[in-house]
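There are 2 protein chains.
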Amino acid sequence: MRARRTPDDETDEPRSTGLRPSRRAALVGGGGLLAGVGLAGGFAAGRAVADDSTGDDPTVFDLHGTHQPGIVTPVQDRLHFAAFDVTTESRDELVEMLREWTKAADRLMHGDSAGPIGPTSGDYRTPPDDTGEAIGLPPSRLTLTFGFGPGLFTDADGVDRFGLADRRPALLEPLPHFPEDALDPERSNGDLCIQACADDPQVAVHAIRNLARIGFGTVRMRWSQLGFGKTSSTTTGEETPRNLFGFKDGTMNITADEDAELDEHVWVGPDDDPDAGWLVGGSYLAVRRINMRIETWDRQPLGAQEEFIGRTKGGGAPLSGGTEHSQPDFDMKGSTGPVMPEDSHVRLVHPSHNGGSRILRRGYNFVDGSTALGDLDAGLFFLAYVRDPDRQFIPMQNAMAKNDAMMEYLKFTGSALFAVPPGTRKGEYIGQALFT
Amino acid sequence: MRARRTPDDETDEPRSTGLRPSRRAALVGGGGLLAGVGLAGGFAAGRAVADDSTGDDPTVFDLHGTHQPGIVTPVQDRLHFAAFDVTTESRDELVEMLREWTKAADRLMHGDSAGPIGPTSGDYRTPPDDTGEAIGLPPSRLTLTFGFGPGLFTDADGVDRFGLADRRPALLEPLPHFPEDALDPERSNGDLCIQACADDPQVAVHAIRNLARIGFGTVRMRWSQLGFGKTSSTTTGEETPRNLFGFKDGTMNITADEDAELDEHVWVGPDDDPDAGWLVGGSYLAVRRINMRIETWDRQPLGAQEEFIGRTKGGGAPLSGGTEHSQPDFDMKGSTGPVMPEDSHVRLVHPSHNGGSRILRRGYNFVDGSTALGDLDAGLFFLAYVRDPDRQFIPMQNAMAKNDAMMEYLKFTGSALFAVPPGTRKGEYIGQALFT
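Protein chains in written order, with my numbering: chain A, 1 to 436; chain B, 1001 to 1436.
Next up, chain A with everything else stripped away, as it sits in the complex:
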């Protein structure tokens, strides 16, 4: 069992005993001695630590395994997603940061501080190795999932900065420009990404912040996005969550117990790409920031909303009848045409119209304030894990963009594709197989 640190000081002695540097001295890094009085303890009382990383605490997931956590893991309530550009030219520095990220990610997922000293112990004259806002918060089912963007292999000028170009997966190309894309470059792409999901947003934010801090000088945050409500579930039998159109979303999602489907549609297989053996057991993550014109949507009649989607708004059943999980009957005719309209969202993205492809969705609702026009800057931050973006994601996105009646109410403002390495084995660092 890991040693649980002693709780924080409950009663502090006065601090200015001559042992303590003045702030000025502390700021210039000089003078003063270590003041240990009352500062035993590190991360906080209340921040639980599991006995081990494969323990029984249902709020702790394991960083290590065949696949990364945060993909099939039961979808947590909140998201902080961050994309980074690598600023160093040194492969060694990049690898060293991945080693540090691995250690920190393992600690953070256990509800521990980002570094071994923690937010409140250690030398007064140095910054703590954790920022402190998660003191007292439980692990909150935090998962951290790491991905590599095209720029890690070949930068915008075609330079192979890290000697990785010949290991670039053939499918890891920046996503094409789709119809209705109005992308903000400051919300798109990135050399690396981290998806932090947790039931407490403060825990997710704390993780991203501390990983960004560890990466300072090696990476720079390019963009980041908070999501407040999950829009997909990977858990069989769980109530399907709703997006900001008010509809159940991700009814057809692949669930964690569908092993064969996961192998077919999510995990990169051993024969998929001879140049990217390091990616076997990993996946591709397609990211789309989808603004919804919700004020306009809200003025559409209920019948129109349902026909845009192809499902009822209440129960989520296909318009052809049944219950939420009934298969739509695309051939059923009504008095004015197909009951499932030709341009309905469900029809266009259904596996039967996409060569049998399914995807694993982990999207989140977002609201980032409001626009100058007085509309909410709101929508769906779409995250989908697929084995083959060229076959599973790009055709579906094109079909949607060209034909989907719902497109009138969408604006795509961010876009990215990442290769998500397989799980990390104990003693290894994240993505190690790429570098060895």
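Calculated from the structure, these hints are not laboratory results. Source: prediction; values computed, not measured. Yeah, the Cβ is synthetic: ideal placement off N, Cα and C, and Gly gets one too. Do not rely on the hints blindly, as some may be mistaken.
Pair by pair, the computed Cβ-Cβ distance ranges are [stated by the list, open to error]:
{"hint": "1", "chain 1": "A", "residue 1": "D166", "chain 2": "B", "residue 2": "D1199", "range": "50 to 58 Å"}
{"hint": "2", "chain 1": "B", "residue 1": "N1398", "chain 2": "A", "residue 2": "F435", "range": "48 to 56 Å"}
{"hint": "3", "chain 1": "A", "residue 1": "A399", "chain 2": "B", "residue 2": "T1236", "range": "52 to 60 Å"}
Place chain B on chain A using the hints.
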């Protein structure tokens, strides 16, 4: 007991039975008949409704009372705050919207839909009167708190649009420009505000969205802000939450059980302002969006961080010793000066240095993505309720701005002041005393 609506359709008949308008017909508002099949029911199963508005459900608060909810109410985890400009010139339309808001707020706080029809029943040819994303979610301790800005009484051109100028509270002036203010006008001020607090952000967002929708044509959203983590508690004995500097925040907060302190420092009294008798039992809400330079902060030594604040980072005790709730000893001398530094935050905002004033804080942590420089756009969305902003808030803010060592790490990007009317009596609308 209120009638609980029947749950949503679990099994739907096929919809296209000739009763249903085509989408085209629906969009132009013509053709087709009502299709009632399988559409009994309104708001969702799982969306609980209390027996009555003063019932025993701990997740339902009452809109009605002496004071508005959301002030002393135990602070919920999440926030959506919105400010609106009034676009109508008609006092009648403004009053009518307040009536509608009152009805909707009462429903929403009970976990019900925004309107009586709900998101999924009613005429297919008309938009639902609720947007639907909260179907199935519990009331989540939602509170809705309404405020009136200076512009409601006299607009920017000095025009008295609604015949309210002579009832404007003398203290309801736009906040002055403080040192270190770098205000974004699109994040400042507003004629009206709504503070939505709930334990589920989707419930808070749903409330603001539906109230904005009801107000369409009468008000336009000017700005809005999500907060993901509370930074203050109004509940005695509750763990003090932490801000993004990693410190406990609001240790000195007024709590809900301090009736005398609330009367002295929060609620407007009967003799406070002869022109604003309508505000008796209400309060003033000072709003400040405070960006934190957290990446720079994180590089400061622990000792420096603690001296900026005047408290320990772990337990939150004053540097003069004791426990979190011990009174600081501002006279205690150390070897290099006062143990509680002259420019420490706690010293500058302490009641003993502010004429005995206390404030009631309900602030939230926010992260709105990241900046072009790669820093998190993050900080504290400060909300404080005071009886007298001129005496309680402005001097404290000036003392902070001029002398507080912490100011180096802060940038004020939004600012507003609202008069918050007293509680609404049953049968009245929010703020009714102002209009009658």
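Structure-based check of each hint:
1. For the hinted restraint 50 to 58 Å between D166(A) and D1199(B), the CB-CB distance of approximately 51 Å keeps it satisfied.
2. For N1398(B) paired with F435(A), a C-beta distance near 55 Å keeps the hint of 48 to 56 Å intact.
3. Evaluation of the 52 to 60 Å hint for A399(A) and T1236(B) yields a pass: the beta carbon distance comes to about 58 Å.
No hint from the list above goes unmet by this structure.
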